[in-house]
Structure formats: structure tokens, C-alpha cells
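Novice: Residues per chain are reported as follows:
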Amino acid sequence: MIGSAGEKIVENYLKNNGYKILEKNLKTRYLEIDIIAEKNNTLIFIEVRSKTNDNFGEPEDTINKKKKEKLKNNAFSYINYKNYDGLYKIEIVSVILDKNNINKKESLRHYKDIIFE
Amino acid sequence: MFVKIPSVTHSGLSSIRVDVEVNIMNRGLPCFEIVGLPAKAINESKERIRTAFSNSNIKFPARRIIVNLAPADIPKEGSYYDLPITVGILSYIINFNLPDKSLFFGELSLDGSLRYTKGALLLSLFAKNENFKKIFVPSESANEAAAVKDVEVYPIQNISQLIYFLTGKKKIMKTEYIEKNNDVFFDFDMSEILGQNLAKRAVEISAAGGHNIFMIGGPGSGKTMIARAMPGILPKLNEQESLEVTKIHSISGNISPGSSLILNRPFRAPHHSISSIGLVGGGNRPRPGEITLAHRGILFLDELNEFKKSTLESLRQPMEDGYVSISRGMEQVIYPTNYIFVASANPCPCGYLNHKNKNCLCTEAEIEKYRKKVSGPIIDRIDMHIEVPDVETLELKSENKKKVNLESSNNIRIRVEKAREIQKKRFKEENILTNSEMRNKEIEKYSFLKESAENFLVKASSCFYFSARSYYKIIKVARTIADLEESLFIEDRHIAEAIQYRSFQFNSKN
Chain A
1 MIGSAGEKIV
11 ENYLKNNGYK
21 ILEKNLKTRY
31 LEIDIIAEKN
41 NTLIFIEVRS
51 KTNDNFGEPE
61 DTINKKKKEK
71 LKNNAFSYIN
81 YKNYDGLYKI
91 EIVSVILDKN
101 NINKKESLRH
111 YKDIIFE
Chain B
118 MFVKIPSVTH
128 SGLSSIRVDV
138 EVNIMNRGLP
148 CFEIVGLPAK
158 AINESKERIR
168 TAFSNSNIKF
178 PARRIIVNLA
188 PADIPKEGSY
198 YDLPITVGIL
208 SYIINFNLPD
218 KSLFFGELSL
228 DGSLRYTKGA
238 LLLSLFAKNE
248 NFKKIFVPSE
258 SANEAAAVKD
268 VEVYPIQNIS
278 QLIYFLTGKK
288 KIMKTEYIEK
298 NNDVFFDFDM
308 SEILGQNLAK
318 RAVEISAAGG
328 HNIFMIGGPG
338 SGKTMIARAM
348 PGILPKLNEQ
358 ESLEVTKIHS
368 ISGNISPGSS
378 LILNRPFRAP
388 HHSISSIGLV
398 GGGNRPRPGE
408 ITLAHRGILF
418 LDELNEFKKS
428 TLESLRQPME
438 DGYVSISRGM
448 EQVIYPTNYI
458 FVASANPCPC
468 GYLNHKNKNC
478 LCTEAEIEKY
488 RKKVSGPIID
498 RIDMHIEVPD
508 VETLELKSEN
518 KKKVNLESSN
528 NIRIRVEKAR
538 EIQKKRFKEE
548 NILTNSEMRN
558 KEIEKYSFLK
568 ESAENFLVKA
578 SSCFYFSARS
588 YYKIIKVART
598 IADLEESLFI
608 EDRHIAEAIQ
618 YRSFQFNSKN
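Note that the protein sequences, when read in sequence, are chains A and B.
Following our numbering, the numbering of the first sequence begins with 1 at its first residue and continues without gaps.
Following our numbering, the numbering of the second sequence begins with 118 at its first residue and continues without gaps.
Excised from the complex, chain A in its bound form:
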């Protein structure tokens, strides 16, 4: 419920910011990617993190090392599957939803320049 509401908000936000959405909720045996988009000739994998209130930490806090590895592997799988040879990025959008109306956002943060070690 919260997840899909958050993804919808993020999708609108990305469209308004010039992202071209290629895939949504891509789920196969091997991978699970929230949104795949394209901007400035760069393929962008977007992970959406949503939460209703921030009493228990920020949404992006839930991204740990294991999740980071997973994001990386998902992106790799897609790249290999599509034989893509260009710049690609992983971005994280964290959104906090209104407690009373989950279709309304309280705040949104977009992490664009994530560098993986």
C-alpha cells in the first residue's frame, strides 16, 4: 500500500524533472528494480524508499550494505541482459508520506550522485 503510493509520487516527480521512464516494478527470477529511467543519455536505476512518518528514522537509513550490493547486482543483471554499453547510475529517492493521506507526500529527497566502492 505505502510502497505503491510512494512509487506513484516518485514517478510523477521524475517525469516533472525530465526523466523518461522505461520500466516500472521490473520483477524477474533474478532481479527486482523499482524504476528504470533515462536522462542525458544515462541509464538510471531508481530505488524508491517510502515511509509514513519519520519517527523511526529516515527511509534512506534502511539501505544497508547488503541492499547496496543487491542494487548493484540488479543493475548489472539488467545491463548484461540488454547488452547496454554506456554510463549508468543508481539513484535513490526517499519519500515520506502523510500519515492521514498516504497519497500526499510530506517530503522527498533525491540522491543523484551515489558512488559505489
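Quick caveat, the hints were computed from the structure, so don't treat them as lab data.
Incorrect hints may have been included.
[Stated by the list, open to error] If you want the ones that stay clear, here's a sample from chain A, every Cβ over 10 Å from chain B, calculated: (1) ILE63; (2) ASN100; (3) ILE102; (4) LYS104.
[Stated by the list, open to error] The calculated lysine to aspartate or glutamate pairs, modelled on DMTMM-like cross-linking and capped at a C-alpha distance of 20 Å, are: (5) A:LYS65 x B:GLU164; (6) A:LYS65 x B:GLU161; (7) A:LYS20 x A:GLU60; (8) B:LYS163 x A:ASP85.
Note that beta-carbon positions come from the ideal geometry of N, C-alpha and C, so glycine has one too.
Given the structure of chain A, go ahead and fit chain B onto it with the hints provided.
Specialist: Then chain B, alone, in the frame of chain A:
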């Protein structure tokens, strides 16, 4: 995009060229990796650089950045690759031509400024040898690096200033070498030491010829005070010595930021709890020990008997050779160890053996055990052995009144400098500076021993059973005594005085 920025890595006191290769790709997932056997501090430079960029309001490129420190099979250490890596990344963001024939060196601070980085002198020496014209170093290390002539040293304060310089918007003034005030520093003046005229004379000879000296005396007789006054009677370092010493202290980070070449002779007095590695040097990547840090200066071991036996024994070769070769798994290095060895000890465990008024409470066996802690080979390598007897309180008082008559360190230093000058002239064709460094070949050639003096020495050695080494050491000390008198030949009296500094046998019953 690929750039190559030359830099260095150090192995002991020598430098090896390292190319910092930075490759930034327009494909793949953004990452920042450093390869080429970086140590922990180099790997952490990723975080320093990224934070420094954001604090200097420069957007760090979200691209695939690979940094290679070539040659890749030599382990790299230190924090000075921050600047070359930064320049490499900057060349992707902004357009500029890399200044040719230049080296970059320096550690970044999180705020984007550059910190004092150790080893700048070695870098500029390397630049001179390898024909690099310019070096870019943190401004606090610039003066040290500018001591080497023919190399242009550019002091860098922070990243923003560097960008202005590289894009040609602002100039950076070359550092002109400034010699900082380097007055001879010593704890005590010789004129503060009352009595002990014999010991003072011995110390003067030791300073003039670079001879090792061993002082034996009861507690409170002034052994330590005399040793601590010794830096005051030693001449300043000459240009070549100064470079040698500053190199050692530069690589071990003992130089304060912004300082110039070291002109004072180092004085090292490690506590007797020191390990043999601490004394001789060592570690996985061998670092200089106390004996190397004391190069061209004084190594003072107070309470020689209290040092661990194995620690003392490790001094044997470096004392004789003037260098120490340290071999470890990672690398082998040679450090110079040319120092005046000054040691002090009590004559027995209670300290009052041969005291005028007090009774020694030690048994024969106790004294023997105490003295055996210092082995014969070590004792034999020390040129001069002197007894420092107790000073009577009455004598102290009377001398205190006529203090004006006591010689100051500055006066003694003038004599020592003169004697050293004579030695320098004599050895100008050899690779040595002082009498103590003479080998047998040079002794034959330069000692100018009178025949009567030689006969006297032969007679004395059959009486005292001097070892072959002792025999030559006596000639060396006699040579210095003659130099202090500005006498060309070694006369009987010089030999006689030199023998006097040999007659006390610490570790044999007499």
C-alpha cells in the same frame, strides 16, 4: 579520459618514481577505486578528496574513476598522493594543461586545504636528480623543499588556489628558501658544571674527533649534566651533513611545519626501556631507529647497564660501520648511523665504589654481575673511558664564587671547530670527516705518528693487553688531541693522554 601525474614513493632514504594514473570513464557504474598496493592511509584518501571537493564547492564527478599507482607491485605508503589524485580528477572537470616536468605532493584536509606533509625534502632532492623543474607542495612543507637549489617550489594552500593557478587566472609565487634562526641549543652550558675538569677535557676531545665516550661515576657526580652540555660544544652541521640529517628527520616526520634545514646536531637520549628495533630501526617497512636519528649528532645512553643486553649487542655493527642495513620481508634499506656514542654508568650497583668518603656495600659477585651486562665487544668499541669522580661540596662552593673563570661552551666550541677544520682539510680526498671515522688505511696515511710515540704505544699495549682495535683507537684519539694543539705530528704526550682514556677497564677485574 586518462592522465598521468608523476609523484614518488620512498624506500628508506631513497625515492622511486611513481606515476599516479587517473582514468575517468564515461560508461559503467560510478565508482572511485585506488589500485597499486595502496596502504590504508592512501585508500582513505578517497574520503578526504571527496569531502574536500564538496567543501571547496566543486562537484565531484559521478563517473567511473580508477586510480593506479604505477609500478603496481611496490607497496605505497603515506598520505601524499592526495594532491596528485586531486589534480587528475580536476583535469576531467576543468580544462587546463598540466605543467610539464612537475611533481605533485601533499595531504588534503577535509576543508580543502593542504596540510604539512612529511618527506618534502626527499621529494625535491628526487626532483633535482630526475630533472623535474617544478614541484607543488603544501605551503607548510614548502620551505623545507626549497632548501634544494635548482628546483622551483610552488606552495599550495588549498584546492581553490590550485585551480586558479592551473587555469592561469592567478599566479603562485615560488618559495624562496629562508633559513630559520637555528641557534645552537643546549640544556646546560659547560660553565655551569663545577669541577670535573678532566671529564670536560675528555668530552672536548670526543667532540673534536667524533670519538665515542663512556663515563663511569657515582650518582650525582655530573655524568648526565656533562653529556647534556655536549651539544653546546659541537660545531654546526655543514651543508652536506645538514642535508643528510634533514633527510632522515624529514622522512620520520620530526621536523616542525615551515622549518628549514637542520643545522644543529641532533641529541638523542632514549630511555633504557627501549627495544632493539626502536634503537636500530625496523618494522615491516623499516623505519629509522634512534641510532639513525642521532646521525651526525650524539646518541646518549644514560645508565648503560640498565639497557637490555640484546638491545646493546645490536649496536655492535652499526657502531663500527657507520651504517645499518635492515632487511625485512617487504624491503631492505640502509640507514646511516654516524654518531658520537656517549654512555654513562655507575661503577657498581650501589654506586659508591672507589668513593672518597662513602663505603661501597656491594659484594665482589654483585659488581661482577652488574658490569657483565655490558659486553667486552661493546666496551672495546668505545674510544674513551673516563671516570667521573664525586665533587666535594667545599670545592663546589669555592668554584661557585670564582665562576667567571669557568670556560663557557662557546669558547670550547671555537677550539673544537678549529680541530674539525684541520681534520676536514686533511681528509678532503677521502670520504670521511673526522678522525674517529679513519680506517686502518687512513691511519697509516694520515696519523703522522712519531717513532718514539709509536714505541711508547707498543710498550703500553704489551702492558695493558690492548686489542688490535684498541691500539688503533688510541692512535685516533691521539690524533685528535694533536689536532686540538694544532700539532702536525703525534707526540709522546698525545699518545700518553690517549692511553689514559683507555686504561679504565669496566668489565674486567682490576
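Novice: Each hint should be assessed against the structure and marked as holding or not.
Specialist: Structure-based check of each hint:
no.: 1; hint: ILE63; verdict: holds (16 Å)
no.: 2; hint: ASN100; verdict: holds (37 Å)
no.: 3; hint: ILE102; verdict: holds (32 Å)
no.: 4; hint: LYS104; verdict: holds (31 Å)
no.: 5; hint: A:LYS65 x B:GLU164; verdict: holds (17 Å)
no.: 6; hint: A:LYS65 x B:GLU161; verdict: holds (18 Å)
no.: 7; hint: A:LYS20 x A:GLU60; verdict: violated (23 Å)
no.: 8; hint: B:LYS163 x A:ASP85; verdict: violated (26 Å)
When each numbered hint is compared with the structure, violations occur for hints 7, 8.
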